[in-house]
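Residues per chain are reported as follows:
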Amino acid sequence: MFERIWRASLAPLVAATAAIAISSIALLISGNNPVEAFVEMWKTIDSTAAIVDIINTAVPLYISGVAVAIGFKMNLFNIGSNGQYILAALVAGWAGAEVSLPPLLHVPFVFLVAMTVGGSWALIAAILSVTRNVNVVVSTIMLNYIGIGLSAFLLSEYFRDSENGGLVAQTKVMPESARLPKLDPIFEFFGFNFGERVDLLGFLPFAILLGIAYHVLLNRSLFGYELKLSGMNADAAQSAGVNPKKMVLITLFMSGAVAGMIGLPFLLADPNFLKYGDAFPVTLGFTGLGLALLGRNSPVGVAAAAVVWATIEVATRRLGSLGIPPEIGKILQGSFLLAAVIAYEVVRRRNDAAAAEDAAAATRDDRSPPPSPAPEPAPIGATS
Amino acid sequence: MSDTGGDAIDTASAPIAIQLTDIVKRFPGVVANDGVNLTVRQGSVHAIVGENGAGKSTLMKTLYGAHQPNEGTITVKGEDRVFSSPKDAIADGIGMVFQAFMLAANLTVWENIVLGQEPGSRLSLDANEARTRIRDLGERYGLDVDPDALICDLGVGDKQRVEILKVLYRGAEILILDEPTAVLVPQEVDALFKSLRELTAQGSTIIFISHKLDEVLKHADAVTVIRQGKTVGEIPDPSTVTSNDLAEMMVGSELPTPETRDSTVTDEPVLQLSGLTVKAIDEGSRDPVHDVSFTVHRGEIVGIAGVEGNGQSELVRSLVGLLPSTGTVLLDGKDVAHMSTRARRDAGVGYISEDRQKDGLVLGFTLWENAALGHHHRPPFAKGPWLDIAGAKSRTDEIIEEFDVRTPGVDVPAFTLSGGNQQKLVVGREMTAEPKVLVAAHPTRGVDVGAQSVIWDILRDARAAGLGTILVSADLEELIGLSDRLLVMLRGEIVAEVDPSTVTPAELGSYMTGAKAGAH
Numbered sequence: 037m038f039e040r041i042w043r044a045s046l047a048p049l050v051a052a053t054a055a056i057a058i059s060s061i062a063l064l065i066s067g068n069n070p071v072e073a074f075v076e077m078w079k080t081i082d083s084t085a086a087i088v089d090i091i092n093t094a095v096p097l098y099i100s101g102v103a104v105a106i107g108f109k110m111n112l113f114n115i116g117s118n119g120q121y122i123l124a125a126l127v128a129g130w131a132g133a134e135v136s137l138p139p140l141l142h143v144p145f146v147f148l149v150a151m152t153v154g155g156s157w158a159l160i161a162a163i164l165s166v167t168r169n170v171n172v173v174v175s176t177i178m179l180n181y182i183g184i185g186l187s188a189f190l191l192s193e194y195f196r197d198s199e200n201g202g203l204v205a206q207t208k209v210m211p212e213s214a215r216l217p218k219l220d221p222i223f224e225f226f227g228f229n230f231g232e233r234v235d236l237l238g239f240l241p242f243a244i245l246l247g248i249a250y251h252v253l254l255n256r257s258l259f260g261y262e263l264k265l266s267g268m269n270a271d272a273a274q275s276a277g278v279n280p281k282k283m284v285l286i287t288l289f290m291s292g293a294v295a296g297m298i299g300l301p302f303l304l305a306d307p308n309f310l311k312y313g314d315a316f317p318v319t320l321g322f323t324g325l326g327l328a329l330l331g332r333n334s335p336v337g338v339a340a341a342a343v344v345w346a347t348i349e350v351a352t353r354r355l356g357s358l359g360i361p362p363e364i365g366k367i368l369q370g371s372f373l374l375a376a377v378i379a380y381e382v383v384r385r386r387n388d389a390a391a392a393e394d395a396a397a398a399t400r401d402d403r404s405p406p407p408s409p410a411p412e413p414a415p416i417g418a419t420s
Numbered sequence: 006m007s008d009t010g011g012d013a014i015d016t017a018s019a020p021i022a023i024q025l026t027d028i029v030k031r032f033p034g035v036v037a038n039d040g041v042n043l044t045v046r047q048g049s050v051h052a053i054v055g056e057n058g059a060g061k062s063t064l065m066k067t068l069y070g071a072h073q074p075n076e077g078t079i080t081v082k083g084e085d086r087v088f089s090s091p092k093d094a095i096a097d098g099i100g101m102v103f104q105a106f107m108l109a110a111n112l113t114v115w116e117n118i119v120l121g122q123e124p125g126s127r128l129s130l131d132a133n134e135a136r137t138r139i140r141d142l143g144e145r146y147g148l149d150v151d152p153d154a155l156i157c158d159l160g161v162g163d164k165q166r167v168e169i170l171k172v173l174y175r176g177a178e179i180l181i182l183d184e185p186t187a188v189l190v191p192q193e194v195d196a197l198f199k200s201l202r203e204l205t206a207q208g209s210t211i212i213f214i215s216h217k218l219d220e221v222l223k224h225a226d227a228v229t230v231i232r233q234g235k236t237v238g239e240i241p242d243p244s245t246v247t248s249n250d251l252a253e254m255m256v257g258s259e260l261p262t263p264e265t266r267d268s269t270v271t272d273e274p275v276l277q278l279s280g281l282t283v284k285a286i287d288e289g290s291r292d293p294v295h296d297v298s299f300t301v302h303r304g305e306i307v308g309i310a311g312v313e314g315n316g317q318s319e320l321v322r323s324l325v326g327l328l329p330s331t332g333t334v335l336l337d338g339k340d341v342a343h344m345s346t347r348a349r350r351d352a353g354v355g356y357i358s359e360d361r362q363k364d365g366l367v368l369g370f371t372l373w374e375n376a377a378l379g380h381h382h383r384p385p386f387a388k389g390p391w392l393d394i395a396g397a398k399s400r401t402d403e404i405i406e407e408f409d410v411r412t413p414g415v416d417v418p419a420f421t422l423s424g425g426n427q428q429k430l431v432v433g434r435e436m437t438a439e440p441k442v443l444v445a446a447h448p449t450r451g452v453d454v455g456a457q458s459v460i461w462d463i464l465r466d467a468r469a470a471g472l473g474t475i476l477v478s479a480d481l482e483e484l485i486g487l488s489d490r491l492l493v494m495l496r497g498e499i500v501a502e503v504d505p506s507t508v509t510p511a512e513l514g515s516y517m518t519g520a521k522a523g524a525h
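Chains as they are written, first to last, in the working numbering: chain A, 37 to 420; chain B, 6 to 525.
Honestly, I wouldn't trust all of these hints.
[As the list claims (entries may be wrong)] Straight line, CA to CA, 30 Å or less: simulated DSSO-like cross-link-like pairs of lysine-lysine:
1) B:Lys199 with B:Lys82
2) A:Lys281 with B:Lys199
3) B:Lys164 with A:Lys282
4) A:Lys281 with B:Lys441
[What the hints assert, rightly or not] Now the stretches of chain B that chain A is said to cover, found in silico as 3 or more residues with beta-carbon under 8 Å:
5) 209-218
6) 239-252
7) 358-366
8) 434-443
[Said to hold, decoys possible] Label pairs and their calculated CB-CB ranges:
9) A:Val336 with B:Asp466: 30 to 38 Å
10) B:Phe420 with A:Trp78: 39 to 47 Å
11) A:Pro280 with B:Gly160: 27 to 35 Å
12) B:Lys363 with A:Arg386: 53 to 61 Å
13) B:Phe420 with A:Lys366: 37 to 45 Å
14) B:Ser89 with A:Ser83: 52 to 60 Å
Read the hints as simulated data drawn from the structure, not as lab findings.
From the three backbone atoms N, C-alpha and C, an ideal C-beta is built for every residue, glycine too.
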């Protein structure tokens, strides 16, 4: 057990060390004291309130990571999750505020709209791919710009909230029935108090459910089997009777549908938003690409990646006011991602070689057929 | 002794070119070489035989400098050597020709040969110099290839000559060839060994790895047999042994033969092809498969012979629905020609693909995930829309047991298995699904003698139980031995039907190359 945890965490630990070293160098070059900077970062996150903040920040990041991870699992690079979620958030924000429904129907309705819009936008790339053989990477990238432009147009022309004079380009605020309550009371019941400054937002359970659903789909369903099969060996998938076109259509739709949910924590649970408008975060889709990579497309791995990402984000928020460039956060994130990808590959090769040797050792000699245990799985959500 | 050049140099007393003494190579948990000795005399053709996993490749990698032995010494022309990389080995004149060609298909012959060792200055490539040197090498050793031809236009034999030229161009005098004849037809094999003789006559030394014992006996001046990491036989004069002797040394038991005994052919057709055509992708070029018609009966193995690239692979792929085709394919009287791959598999078509690592297996998947491949949507692998992991694992255990797949368990990834065990898993998977028709392409390619005999047994037993089989193979012994009927494919058409009980490999070879026209 210990051995297993050690193996799984070795690569991320090495990567974290490398990332800290690289950003220290960057701090030194820019004339700052790295020790001071890291001490300040630690101080910033060393509180219950900061942890709640980190979790709130990690939730949409996690959804974004899972959205692209679904596609990555079959080597479909959905680089368009950004456009998909922006369009989805706009339409769902507008539609959600326009209808009046009881709470038990209102929230599902917003989900349905967001997922349908996100999925359909991704489906355009899928259809282009299966009918005209257009490269998915290229088409999804391009569709980002179209989606973002289209949403700006729709917002200013049709979906703008006209009641406050229409001065601010934003949708109407979600009615009470579409809002998810904060989770603080549950924790207070068990004696945890987060304090006045922060609330644990109500979208967290949905993110956890999404993770579980993703795990079940991937590892327990025939569709998940075919998804992984198509990703690992498209020729073998075809020989096994898997229809590659159908797989592309379904998978991209699903990836887009999950991407459509990226904006929902803001629309449904964050009291600072509850609407689509100017301050709405607009680059979360791109962040998801890195998180899926970092988390190796596994439900748990992407969650860990999202938490790390959110931690760095929260930790560096206060640096600007201390005269330390907050961009150090981006350097930390970027160097951590690169170092992790390299470390994973090194560990994977080593584990593969070890697995091959274990199997060879176990089968080599008939005189002593040892019932050797199966090799340990590779760290956090290996390629299989 | 060799039939072509044994009299040129008396190799038995020639100076020793390479001597490996007590080589031990350990990997964690495995001793791949456990005291291997090898003595190769200058100017000789030296064969190394052994089953898959016996340690031949490990040994050759040691000699080629790809890794270092834990114990033992390497002596080249009397001097002790330590090779820390293939660069060191090539500096001592040792070059390796790999089994899988490593050529850039869209470059020309000369470009491929000089790659990494380009003549001329840093900024300008001296193409004429390259062409001249390659022509000279070719003339000197009888390895004729047009330096300006594109690799993708060349046949297998030519590609192999390019590989050999690549090594010679780098100044190799000692050539290691890994299963050089695996992809060649008999005529090409003869041409290859003729070239190799040309090389040895001019002082080069050849080491080749082979599974084909008859060929080893025919062409080698000396043979070393390796079993389970040890040298078990050093035969300085192959004329003193038979292929059975060699096989016994290799496996410790007698060589299996592919002979099918009594005919089990019935008169019930199970698969009827008529007018099957796979259209060419470009307008105007030849159809890969053109108007092929034949019938497979229950209990019959129909062998398809042909030089690779004459439509066999397209025929196979169209039969399992991976390539669109026209014409009719009746399975048990029902037309399946327009069905999807899945529907055909469900209707009872089993499929052993020609390259297990390409589309027969997913190397990163575990054995149970691989055992489910193509059958994953049916019990015992599935329950409704869900994977039945327990069911899949127990079915995999059955396959492992029944088809003698050597593995530590069902949870290891497929890449950890040897080629033979991977193939037994594939064959086992297809057979446990109880197909009506089996489409088998090269079912024993690249597997060792032990696994080969297991697979032949499986095919024979299934035939006796009424399975109709289409067998495509490049191994003519296998085709002749197993088939009840042999069809020869040339340029996409069936050009001859021969009786496997009377035809010889050489005769079959002439049909395959079109040198002899057959009756069909």
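Do the hints match the structure? See the list:
For the given pair, Lys199 of chain B sits about 25 Å from Lys82 of chain B by alpha-carbon distance, which is consistent with the 30 Å threshold. Proposed proximity of Lys281 of chain A and Lys199 of chain B is contradicted: the alpha carbons are some 50 Å apart, above 30 Å. Restraint check: the Cα-Cα separation between Lys164 of chain B and Lys282 of chain A comes to about 38 Å, which exceeds 30 Å; the hinted pair is violated. About 28 Å separates the Cα atoms of Lys281 of chain A and Lys441 of chain B, which keeps this hinted pair within 30 Å; it holds.
Note: the region 209-218 of chain B has 0 residues with beta-carbon separation from chain A under 8 Å; the three-residue rule is not met and the coverage is violated. Remark: the region 239-252 of chain B is not confirmed as covered by chain A, as 0 of its residues place a Cβ nearer than 8 Å to a Cβ of that chain, below the required three. Look at the region 358-366 of chain B against chain A: 5 of its residues bring a Cβ nearer than 8 Å to a Cβ of that chain, three or more, so the hint holds. Counting residues of the region 434-443 of chain B whose C-beta sits closer than 8 Å to any C-beta of chain A gives 0, which falls short of three, so the coverage hint is violated.
Under the hint 30 to 38 Å, the C-beta atoms of Val336 of chain A and Asp466 of chain B, about 46 Å apart, miss the expected range. Separated by about 43 Å at the C-beta atoms, Phe420 of chain B and Trp78 of chain A satisfy the suggested range of 39 to 47 Å. Between Pro280 of chain A and Gly160 of chain B the CB atoms are about 31 Å apart, so this pair conforms to the stated range of 27 to 35 Å. Judged by the Cβ atoms, the range 53 to 61 Å given for Lys363 of chain B and Arg386 of chain A is violated: they are separated by roughly 26 Å.
Checked against the hint of 37 to 45 Å, the pair Phe420 of chain B and Lys366 of chain A passes, with Cβ atoms roughly 38 Å apart. At about 56 Å, the beta-carbon gap between Ser89 of chain B and Ser83 of chain A stays in the expected band of 52 to 60 Å.
When the structure is compared with the earlier hints, violations turn up for hints 2, 3, 5, 6, 8, 9 and 12 and for no others.
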